[in-house]
Every structure is written in structure tokens, then in C-alpha cells.
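Here this note's numbering is used: the first residue of the sequence shown is 40, the next is one more, and so on.
Take the hints with a grain of salt, since some may be wrong.
Cβ-Cβ distance ranges computed for the label pairs, FRET-style [claimed, not checked]:
#1 166 with 92: 28 to 34 Å
#2 116 with 162: 42 to 48 Å
#3 227 with 122: 55 to 61 Å
#4 239 with 159: 53 to 59 Å
FYI, nobody ran anything at the bench for these hints, they're computed from the structure. Just so we're clear, the structure is a prediction, and the values are computed from it rather than from any experiment. C-beta: ideal position from N, C-alpha, C; glycine also.
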Amino acid sequence: MLLRRRNVVPGQLFKWPLGGLFCLALTSVASAEITCPTNRTIVASANCTAALADLRGEVQSGDPGAVVSVTQDPPADTQVGLGTNHVVFTVTYTNGLADTCTALITVVDAAPPVMTCPPNKIIPYTVAWTFDAPSATDTCGTNTLTVVHTTTNWTCGAAYVATRLWQAVDAFGNSATCTQVVTVVDTTPPLMMCPTNLTVECSNPWSFGTPVAADKGLGSALVYNNAVNDLSARFDTGTNEVGNEILLAGEERYLQGFS
């Protein structure tokens, strides 16, 4: 009669009486099933690695009374890198057999990129300008820098405030944002055309003349026409206007004696 028994040394002959007879038993070559620690995600430190914890206590065996040792490879406190790491656990039994299982430990980067924002600036409306791009760095890898949106709020005439929002996103989805505000101002005074001085007889009625003014920042052009006292007509390039004075604010030109 042949029997198999667990948890004795492989190849050992083992006998015991059974109904007055001695039976010969062959030792088991099987091992118990084990349950590995659950897969998990841990956060990397500032150097983009993480220390493994001692997870041996989470290993469960189908024959705990026969367990001699449980090992972990890599062992506890080992620094592992970003991504998925395979940690192997080995359970050794009194019969010399062993079972292994593997847990997946994923290390992620939870720190956002570090952005260096350009300073806000104030620009005269007569000066061409562009937004200044920020810079972004990420200790644990690269990042992608994009423009989220740009808004423009007009204040008065040619003056406005423009705001641009950038975003940096790293490979793990961590993000940071940065804005630059550009204030465009009108610091140019209006152009004025004063009426000519008058010399009148003391007995004659008279009144002050009316000055005209134009401001390029308002985007308007005023024409002063002596013939019809035209204070609001716009001077269009290519046409013939009769008069001797013009303020063309849109192009900031001053003409005299045109026809």
C-alpha cells in the first residue's frame, strides 16, 4: 500500500503500523498554494525612486504550519524606479519544497512640473510685442508645454489687457499653470490743431475758433477743412480733400496744403 504525506523530507521512507501491518509511505512532492500581497501603487520621493516595504507578512500559505521561511526579492528598503516593479516572494516548507508568487509594485511621480513664469509687462500701444514663453522642468522626466487660452480685455481706445495661460504636463499627468499679463497703454497725448489767431476791429463781433484734436489711440481721424468747417470727416487715402490742415490719427500723419 502506497500513501503520500505532505511536509516530510522528499525521498524519505516513512512507515507506521496499520492494522498490524507496516505500510511504506512515499513523501509528497507537492507544495501548498500561496497568496501574494496585492498589487499596489506607491509615490516616488524627490529622487524619483521609492523604497520597498517589507511585504512578507502579507503572504498567505495554504499550509501555514509547515512554513519555514518567507523571502522577498528585492528585499525591503530597496530603492526601485518609476514604473512597474516585479517583487517575488518565496515560501519554503518543512519538506524542502517552495512556492513563489509575484506582486506588482508601481512607482509613480506625483510632483508637478516646476514652471518659471515670465514677468508681467506694460507696453505702449505703439510698440509691437509678443508674449514671453515660460520654462518648465520636471525632475522625473519631460513635460509638455501648451497654451491653454489667451484673453483680451479692452479698456479704452487702443489700450487693453491681455492674459495668456500656459500649462505644463508631465508623463504622469501632473500639471502646473502659469500666466503672463501684458497691459497695453496709451501714453501718447492727443494731437491738437488750434484755430489761427484773430485780429478784428474792436467794433466787429467775433468768437473764438474751435480747435480740433485727434488721438491715434482712439483710432479716429479728424479733418479740419477751412472751406466748410468740417470737423469730423475722415480723410481717405487716394481721395482729394480740399483744405489746408489734417490730422490722420490712424496713421499719425500731419498734412498741410493738400488738395
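Against the structure, the hints:
1. Between residue 166 and residue 92 the C-beta distance comes to about 60 Å, which lies outside the given range of 28 to 34 Å.
2. Here the CB-CB span from residue 116 to residue 162 is close to 56 Å, at odds with the stated 42 to 48 Å.
3. Distance hint check for residue 227 and residue 122: the Cβ-Cβ separation is about 59 Å, which falls inside the suggested range of 55 to 61 Å.
4. For the pair residue 239 and residue 159, the beta carbons lie near 56 Å from each other, so the given range of 53 to 59 Å is met.
In this structure, the hints that do not hold are numbers 1, 2, in rising order.
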